[in-house]
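K.L.:
Okay, here's what each chain looks like letter by letter:
2 protein chains.
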Amino acid sequence: MLNFKKIAMETNFASKAKYRSNSNKATKITVAKGDGIGPEIMEATLNILKSAGANIEPEFIELGERVYLSGNSAGIEKEAWEVINRNKVILKAPITTPQGKGYKSLNVTLRKSLGLFANVRPVTALHPYVQTHFPEMDVVIIRENEEDLYAGIEHQQTQDVVQCLKLITRPGCEKIVRYAFEYAKAYGREKVTCMVKDNIMKLTDGLFHQVFKEISEEYPNIKSESQIIDIGSARLAANPENYDVIVTSNLYGDIISDIAAEIAGSVGMAGSANIGTNVAMFEAIHGSAPDISGKDMANPSGLLNAAVSMLAHIGDAATADKVKNAWLTTIEEGYHTADIYKEGQSVKKVGTQEFAEEVINRLGKEPSMLNKSKLIEGAGTITLPTYEPKNQIKTLVGVDVFIDWKGSNPDELGAKLSELGAFKMQLKMITNRGMKVFPNGLKETYCTDHWRCRFVAYEALKQVDKVVYLPIEYEQLLALLSKLHEQEFDVIKTENLYEFDGKRGFSLGQGE
Amino acid sequence: MLNFKKIAMETNFASKAKYRSNSNKATKITVAKGDGIGPEIMEATLNILKSAGANIEPEFIELGERVYLSGNSAGIEKEAWEVINRNKVILKAPITTPQGKGYKSLNVTLRKSLGLFANVRPVTALHPYVQTHFPEMDVVIIRENEEDLYAGIEHQQTQDVVQCLKLITRPGCEKIVRYAFEYAKAYGREKVTCMVKDNIMKLTDGLFHQVFKEISEEYPNIKSESQIIDIGSARLAANPENYDVIVTSNLYGDIISDIAAEIAGSVGMAGSANIGTNVAMFEAIHGSAPDISGKDMANPSGLLNAAVSMLAHIGDAATADKVKNAWLTTIEEGYHTADIYKEGQSVKKVGTQEFAEEVINRLGKEPSMLNKSKLIEGAGTITLPTYEPKNQIKTLVGVDVFIDWKGSNPDELGAKLSELGAFKMQLKMITNRGMKVFPNGLKETYCTDHWRCRFVAYEALKQVDKVVYLPIEYEQLLALLSKLHEQEFDVIKTENLYEFDGKRGFSLGQGE
Chain A
12 MLNFKKIAME
22 TNFASKAKYR
32 SNSNKATKIT
42 VAKGDGIGPE
52 IMEATLNILK
62 SAGANIEPEF
72 IELGERVYLS
82 GNSAGIEKEA
92 WEVINRNKVI
102 LKAPITTPQG
112 KGYKSLNVTL
122 RKSLGLFANV
132 RPVTALHPYV
142 QTHFPEMDVV
152 IIRENEEDLY
162 AGIEHQQTQD
172 VVQCLKLITR
182 PGCEKIVRYA
192 FEYAKAYGRE
202 KVTCMVKDNI
212 MKLTDGLFHQ
222 VFKEISEEYP
232 NIKSESQIID
242 IGSARLAANP
252 ENYDVIVTSN
262 LYGDIISDIA
272 AEIAGSVGMA
282 GSANIGTNVA
292 MFEAIHGSAP
302 DISGKDMANP
312 SGLLNAAVSM
322 LAHIGDAATA
332 DKVKNAWLTT
342 IEEGYHTADI
352 YKEGQSVKKV
362 GTQEFAEEVI
372 NRLGKEPSML
382 NKSKLIEGAG
392 TITLPTYEPK
402 NQIKTLVGVD
412 VFIDWKGSNP
422 DELGAKLSEL
432 GAFKMQLKMI
442 TNRGMKVFPN
452 GLKETYCTDH
462 WRCRFVAYEA
472 LKQVDKVVYL
482 PIEYEQLLAL
492 LSKLHEQEFD
502 VIKTENLYEF
512 DGKRGFSLGQ
522 GE
Chain B
12 MLNFKKIAME
22 TNFASKAKYR
32 SNSNKATKIT
42 VAKGDGIGPE
52 IMEATLNILK
62 SAGANIEPEF
72 IELGERVYLS
82 GNSAGIEKEA
92 WEVINRNKVI
102 LKAPITTPQG
112 KGYKSLNVTL
122 RKSLGLFANV
132 RPVTALHPYV
142 QTHFPEMDVV
152 IIRENEEDLY
162 AGIEHQQTQD
172 VVQCLKLITR
182 PGCEKIVRYA
192 FEYAKAYGRE
202 KVTCMVKDNI
212 MKLTDGLFHQ
222 VFKEISEEYP
232 NIKSESQIID
242 IGSARLAANP
252 ENYDVIVTSN
262 LYGDIISDIA
272 AEIAGSVGMA
282 GSANIGTNVA
292 MFEAIHGSAP
302 DISGKDMANP
312 SGLLNAAVSM
322 LAHIGDAATA
332 DKVKNAWLTT
342 IEEGYHTADI
352 YKEGQSVKKV
362 GTQEFAEEVI
372 NRLGKEPSML
382 NKSKLIEGAG
392 TITLPTYEPK
402 NQIKTLVGVD
412 VFIDWKGSNP
422 DELGAKLSEL
432 GAFKMQLKMI
442 TNRGMKVFPN
452 GLKETYCTDH
462 WRCRFVAYEA
472 LKQVDKVVYL
482 PIEYEQLLAL
492 LSKLHEQEFD
502 VIKTENLYEF
512 DGKRGFSLGQ
522 GE
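Those sequence lines, one after another, are chains A and B. For the first sequence, our numbering gives the first residue as 12, with consecutive numbering after it. For the second sequence, our numbering gives the first residue as 12, with consecutive numbering after it.
You can't tell identical chains apart in this list, so a pair holds if it fits in one copy or across any two.
As a list, the in silico DSSO-like pairs of lysine-lysine whose alpha-carbon atoms are at most 27 Å apart:
| no. | residue 1 | residue 2 |
| --- | --- | --- |
| 1 | K224 | K115 |
| 2 | K405 | K224 |
| 3 | K494 | K435 |
| 4 | K234 | K213 |
| 5 | K213 | K115 |
| 6 | K454 | K99 |
| 7 | K115 | K477 |
| 8 | K405 | K494 |
| 9 | K202 | K224 |
| 10 | K385 | K196 |
| 11 | K383 | K353 |
| 12 | K224 | K196 |
| 13 | K39 | K454 |
| 14 | K405 | K514 |
| 15 | K115 | K454 |
| 16 | K494 | K417 |
| 17 | K417 | K213 |
| 18 | K115 | K514 |
| 19 | K435 | K405 |
Source of the hints: derived by calculation from the structure; they are not laboratory data.
The task is simple: from the sequences and hints, build the whole structure.
P.N.:
Right, dumping it as structure tokens:
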């Protein structure tokens, strides 16, 4: 039976108190039936949950195609938001986003609006029932879901050059990394692997890795390791059975979670969770498949697996295991929907609702070939502490001024900028696409019309062999910008240079 | 016999004229023997090339460990640069970068300094001699090598937030995409697949995709397709035999080229090329393996495959095929170095030099099981046109001002900034990590101390239902920055907003 536990993941709620009401009260779950095959697979899933004795009470909301077509470009109405925020847990079937007309992706809207910072995707092989090269694979990808390049902040700055900002934040890293370790602890997982590219991106990916190292020390009973994303992705693709839990940033996670699902052969059968501070949403990873909609053909397994994660999340791992084991037994005993039916191996081809019946018939049974579900009791009580910023002293020591310049000789630009000699600031270097081209560039370096010109305090340059940056005033920076404009330089953007607690907070140019 | 052809890849050299000297003159090749197993595998490789009749003349340079340890932090001396620039083609064995002491990666230095814009990595399965799940795999990854996030421009801007710039340029995209199609044409490949993430990064990855679409039309005989990088990586990992040539940007290419090599099982046997405007460099993808150095144990296949690509690149595909087919035959007939030796399958375990002898003994033979090498004559004559910028009218229409603010209520910040009301510019919105939080944000959105505040011309806001951006003067922007500073806002960076030929050159906020 389900113990109702308030999902105490509020980061602005530091105490680890767990709120429990009496155990007879059902947990209200917001349910969106979705479009296409959505309603059929939701019906099958809810029937199974009910028969398993999950003490939940569905509250239905309207989302998706019908709402879009009624003129709501977000695909969700105000009343639905209220239900979502009240119940905190969503089980969502796939929805259809109509083409064109500026409809927004409801998934992105829900994820961003509700602060669903973690995407959690367990991927397990079902060999030999689902074909894969990796029968032992059993990995969980935990992907940061809110920041990184997916903040979508892009600017075209010159004819030639477009830029996207990759933003990595300390609270974002702490939340996702801690969630990964807490998940590992709650679900009896043994190892967490971090994947980033901090040999190249020393500050951004370096921050993620640094936070990983700090937090891993708080979990001495869980193994931790770190891999460079290119090598890590390659090893995951070649030997996924060597991984347990993987935590990574948004873009890398997008790539490797798709790799994992694809090589397990389980794109049609996997569920995922989107975990937020207050709200969590559970769904299948596949789409609404309108071509087979209404035919009682669809495989409800993806949504059912999402529902299993949901039960564990709300603290009812016992029912979650019961459902999962019945489902594994059904797969194993050869009752297969059309998508995985194989002559000779399958015993019977079943429709959506008959598949659900077969799962219900096996509630209480455990698989004999496939690995038994091992969600452990109490899995739902993941609590994250409030983020505590470490107060640092920030000192302005210079500015990178980006200039649109159509010339081709960096020495010419360098000479002009060096002559400015104003406001006790001086040109330190120029780079083009990150490569130092002044002073002492190489003529082989190809240059675009996008020049990054670094200015620091004049005195800083006088040091020999070692750069000591000296503080500047913001007024100096403003005066420099005025002067550049006066001299007809086309300044397209600026990036201030700071030290934090005396430590350089910016990268050097390649070749600097 | 080799026809010497000047590598006419100069982008500032639009005509497709091919320079040939008389056919008896050897092509000078710069050769770096490297560290660790480098000298042994280079000796084996050069012996094979010589026996095959490749009309090349090696000129040796010193690179790597010994140069580093002599006090040169770059690992390369001035004389070596001169030889490299004179000969234009480099065959390089693996080198060792000593740990610590601020030594710079010689690979990065060479790549960036010489403008080696394309990394080309052919990956072919050698089933059953090298174990793989994908016996039919035969793919070439062409990776942009100079820009993207690897420009390494990073700034910490607040206590919480660090940023890396992803820079994508039109000339960079045109060069790499055109090179991919020219490569496909020169080597008889049938399809080029583009992989980017332009559903999220509409301007940067959108530019890459747009250039791909434009250039693909110039090659009607080569199939082209485009995939989102997450799905593309997953499909490559699961079904690599469906791919032929893949072209992508730097980070994605880093990831997928490692995936391809790993799942082919050929990390120890693959070569790669780094192609520049004037210079090209060929090398194995593995390292210097100091643990087996000097033992005549190393497999020279990676460097030999790089040398095969080099021969094709300089226009001698006939000799390239001859060497490659002899090598394939040697592998097939079971003469294996220790790394791939397998009891029962291999015929004889051979050392580095004996392996080379076995290859030499088979020059003129062709494999019967493995696919015959199909490099085609004239492969070396890839010529890229000069980049022609499309002149566009750039109009300044606003500025994104990024503010370090320790408050938590976006409405408070929004109200303060709205009151500024100066210089005919007005606050349009505020985002935090890309998500719109003002006006009309959602209280669930987690906010860091990093606020992007968009200012546009006052009149622009008056339009109903549709934003028409109006030009502003740079002086307005400067005055705004002064005013913000005066009112004690901590401005950490700016991004100007431009229209190019009247088209918006910046993304909207999520939820804007």
